Amino acid sequence: MSKKPAEPAARDAATGPSPDAAVGTEEPSPKAMQAAAQTHEPAAPAAPKEAPAPSEVRVPVQPAADWVNPLRDPSDRRLPRIAGPSGLVIFGVTGDLSRKKLMPAVYDLANRGLLPPGFSLVGFARRDWENQDFAQVVYEAVKEHARTPFREEVWHQLTEGMRFIPGDFDDDTAFKQLKDAVEELDASRGTGGNFAFYLSVPPKFFPKVVQQLKKHGLAQAPEGSWRRAVIEKPFGHDLASARELNRIVHDVFDPEQVFRIDHYLGKETVQNILALRFANQMYEPIWNRSYVDHVQITMAEDIGIGGRAGYYDGIGAARDVIQNHLLQLMALTAMEEPIAFDAEALLTEKLKVLKSVRLPEDLGAHTVRAQYAEGWQGGAKVPGYLQEEGIDPASKTDTYAAIKLGIDNRRWAGVPFYLRTGKRLGRRVTEIAVVFKRAPHSPFDSTATEELGENAIVIRVQPDEGMTVRFGSKVPGTSMEIRDVTMDFAYGESFTESSPEAYERLILDVLLGDANLFPRHQEVEESWKILDPIERYWDEHGRPAQYASGTWGPREADEMLARDGRSWRRP
Amino acid sequence: MKIALTDTTASKINKALVQGRRAIGTPAVGMVLTLVIVTDEENAYDSIKAAQDASREHPSRTLVVIKRHARTLRDRTHSRLDAEVRVGSEAGTGETVVLRTYGEVSDHADSVVLPLLLPDAPVVVWWPVEAPDNPAADPLGALAQRRITDLYAFERPLEVLQTRARNYAPGDTDLAWTRLTLWRSMLAAALDQARVEVTSAAVEAEPDNPSAELLARWLQARLGVTVDRVPSQGPFVTTVRLSTATGDIVVDRPAGPLATLTLPGQPSRTLALKVRPTSELIAEELRRLDADEMYAVALRGEPIKETV
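First to last, the sequence lines map onto chains D and R.
Take the first sequence: its position 500, counted from the start at 1, is 499 in numbering that gives the first Met the number 0, and no numbers get skipped.
Take the second sequence: its position 88, counted from the start at 1, is 87 in numbering that gives the first Met the number 0, and no numbers get skipped.
Only chain D is shown next, with the shape it has when bound in the complex (with noise of 0.2 Å):
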């Protein structure tokens, strides 16, 4: 399980869009991954006891007409939001993110009773497997990395709805077994006709499959279900690849049924920055232009790019992370109140902070990138981005980034917003900090507020999500000396282990329907304006900075803010 299997570079970079930090590159080691698929039977059921032949038993889809339930009851709050009838076909199902994430949320899910009595989860890969091998290669990965412990009868009730698919992306035997698939579980266990097709493939495929979907049909909902896409980061690397991108997706697949996971946003976390903003009285009135000194916004991580290389090199961090999560997190951060918390209502307000991002004039003086340089890391030595394996030793790839941007409205006119974003930094962590102004007449003389900083607000993203208020407090003792001190709320202390992981609440959310925490496609497009001609300007311009490795980035950033009289926060 752990060699590095010697790849081609398309499954390679199939562990590219990795979610997390944390996630390295090990696969399950494919000794059978070339097999023919044609040798291969059609799918046959994975053995349910009574399963009859699938043609006898179809059951009519009625039209949803405006039937109720009459055992649900907004009231009866302890009925959790259960996914409707039917299924998840995932593409790439032996890569990474499935095994470590996908997997282990879609039993977490079931776990907690989340998901409808005949869910099913199809695989699709190159793989020379059965049914039962996938089932326990699903089986392994969700007793590693399940967040729920490992119950007998919540597997045996999964196991029955898994099949797998084996075949390339170009395979029409392997589609046409799909689609018998899809209908096969739509009769044994009343799916519905409601399928989610998650795209876990690198998106040079991703053109491939929805392709494949749409001429065999599978994209096409039958009358009164659903057909849904979902497609993982990165969208493109620029404005024009995104847009392609899009027209390729869309021309299969309605605008709305697409999904585009940025597992940022399923963070309880995130989530509550609209619960803080908007549900509380305290804070709206100083979240503005005439309280806020500026907003830093960071993700660092402490790891290097690992066996990334094939997809991180001429990618960088600001493609990486800058154009989705950082922009995301300052969207929700600066938007107006939506008049509603639902997907349309949240896409209004995001896309104007989004169009009214103004750029700095001078990209030289406001933006940096910068390669991490061989050093010392938490007590390990670690070479330098160049000299990493598989590294043109002259890359210009960005490891780091930082920029300042300002957006253009009375809300919040003149406040930079300074985001960030590095590898192998000090440590791993994603926050958002506002700082407010000084008091703007203090009656203590200048000793006693010496070591009094700026007051803030922190988000903690990650780890250890919660917030933290930074605000002055006398030191006890008979003179009169002002220091900081914080105050404390952690999510592990005031509700211990119910936050679920970003992926259950995800995937529960594409098989509800439910778009809130998917950035749409126009914010996508958006995100990429901002970002070109910072781009742009960094391929013309001289070479990326060096920092060294396990510090807080390079001497410029610093340099960066201090030319605006600030400093970065160390998180």
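Some hints here could point you the wrong way.
Claimed, not checked - List time: in silico DSSO-like cross-link candidates among lysine-lysine, alpha-carbon distance up to 30 Å:
{"no.": "1", "chain 1": "D", "residue 1": "Lys-142", "chain 2": "R", "residue 2": "Lys-14"}
{"no.": "2", "chain 1": "R", "residue 1": "Lys-11", "chain 2": "R", "residue 2": "Lys-48"}
{"no.": "3", "chain 1": "R", "residue 1": "Lys-14", "chain 2": "D", "residue 2": "Lys-473"}
{"no.": "4", "chain 1": "R", "residue 1": "Lys-1", "chain 2": "R", "residue 2": "Lys-66"}
{"no.": "5", "chain 1": "D", "residue 1": "Lys-354", "chain 2": "D", "residue 2": "Lys-473"}
{"no.": "6", "chain 1": "D", "residue 1": "Lys-178", "chain 2": "D", "residue 2": "Lys-203"}
{"no.": "7", "chain 1": "D", "residue 1": "Lys-142", "chain 2": "R", "residue 2": "Lys-48"}
{"no.": "8", "chain 1": "D", "residue 1": "Lys-214", "chain 2": "D", "residue 2": "Lys-178"}
{"no.": "9", "chain 1": "D", "residue 1": "Lys-213", "chain 2": "D", "residue 2": "Lys-178"}
Hints listed in this document are in silico derivations from the structure and should not be mistaken for laboratory results.
Note that this is a predicted model, so its numbers are computed, not measured.
With the hints as your guide, set chain R onto chain D.
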């Protein structure tokens, strides 16, 4: 750590709590509620254990009120309060105070509990056994937003259920109802899938099972049909059958954690439907602290008109 206090008062207990927290190095923790457990010595151990397991999801201050029965006249006249303060690893993620009341103070336990409630946080009272007939009117019950009783702890649960229905006040809830959540969500999901009108229903369960009665009443109220109660061997609720024009929807759990779901015209499939331990039931109860209107509907068991 544990601090034992003999013949004490609420203010001394408060001091011991602060002292205990200081000693283990966490002077302030974010506790979300106060859970008051009213029980006897016999059931105290299990109840505290369940509460501590539940506290992993809901860090709370747990106050355990144990009324000691006096054996001699002298004990009966002499009133005394003993306390045991547990913080840190002894008390799950929150803190626990075990209060033992002797003599007259037993009738005024609320005066001990009131000063020990967390400021500004909701209060939940749980009677694992011997719940009062009218929980909301009980002096301790009156302090709480939510009052948890357990019909399983009574010899004649169905009679008590009638009393509960008569005395229902918003905030009341019962573990016999909590035990049904998995059943109810499965039935709702099954009906989501079948999308047909139910014409009659039956609940099979061991005789005198209060959960089965609540389930039957809930189905009666929501579906507007009569529900047959069919005795079976148990354990607890074994089968629910919803009859429709196209056939029966059946959830069948003869034993063990696996149930079978049958929908008309579809092959049957298995579902995980386990009997949950008390700690999970309590954790579910603590998740929502507002009134459970659906419990009230199930208690009454009468078909209601849609109000909206």
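For each hint, the structure was consulted:
1. Taking the CA atoms of Lys-142 (chain D) and Lys-14 (chain R), the gap is about 45 Å. The hint is violated against a cut of 30 Å.
2. Between the alpha carbons of Lys-11 (chain R) and Lys-48 (chain R) the distance comes to roughly 25 Å, so the proposed pair stays at or under 30 Å and holds.
3. Between Lys-14 (chain R) and Lys-473 (chain D), the direct Cα distance comes to roughly 25 Å. Compliance with the 30 Å bound is thereby established for this hinted pair.
4. Note on Lys-1 (chain R) and Lys-66 (chain R): the hinted pairing holds, with a Cα-Cα distance of about 20 Å set against a maximum of 30 Å.
5. In summary, the hint linking Lys-354 (chain D) to Lys-473 (chain D) is not supported, as the alpha carbons are separated by about 43 Å, beyond the 30 Å threshold.
6. Between Lys-178 (chain D) and Lys-203 (chain D), the direct Cα distance comes to roughly 23 Å. Compliance with the 30 Å bound is thereby established for this hinted pair.
7. This hinted pair checks out: Lys-142 (chain D) and Lys-48 (chain R) have alpha carbons roughly 27 Å apart, not beyond 30 Å.
8. Distance hint between Lys-214 (chain D) and Lys-178 (chain D) is fulfilled; the C-alpha atoms sit about 11 Å from each other, no more than 30 Å.
9. Between Lys-213 (chain D) and Lys-178 (chain D) the CA atoms are separated by roughly 11 Å; this keeps the pair inside 30 Å, and the hint holds.
Hints 1, 5 from the list above are not met by this structure, while the remaining hints are.
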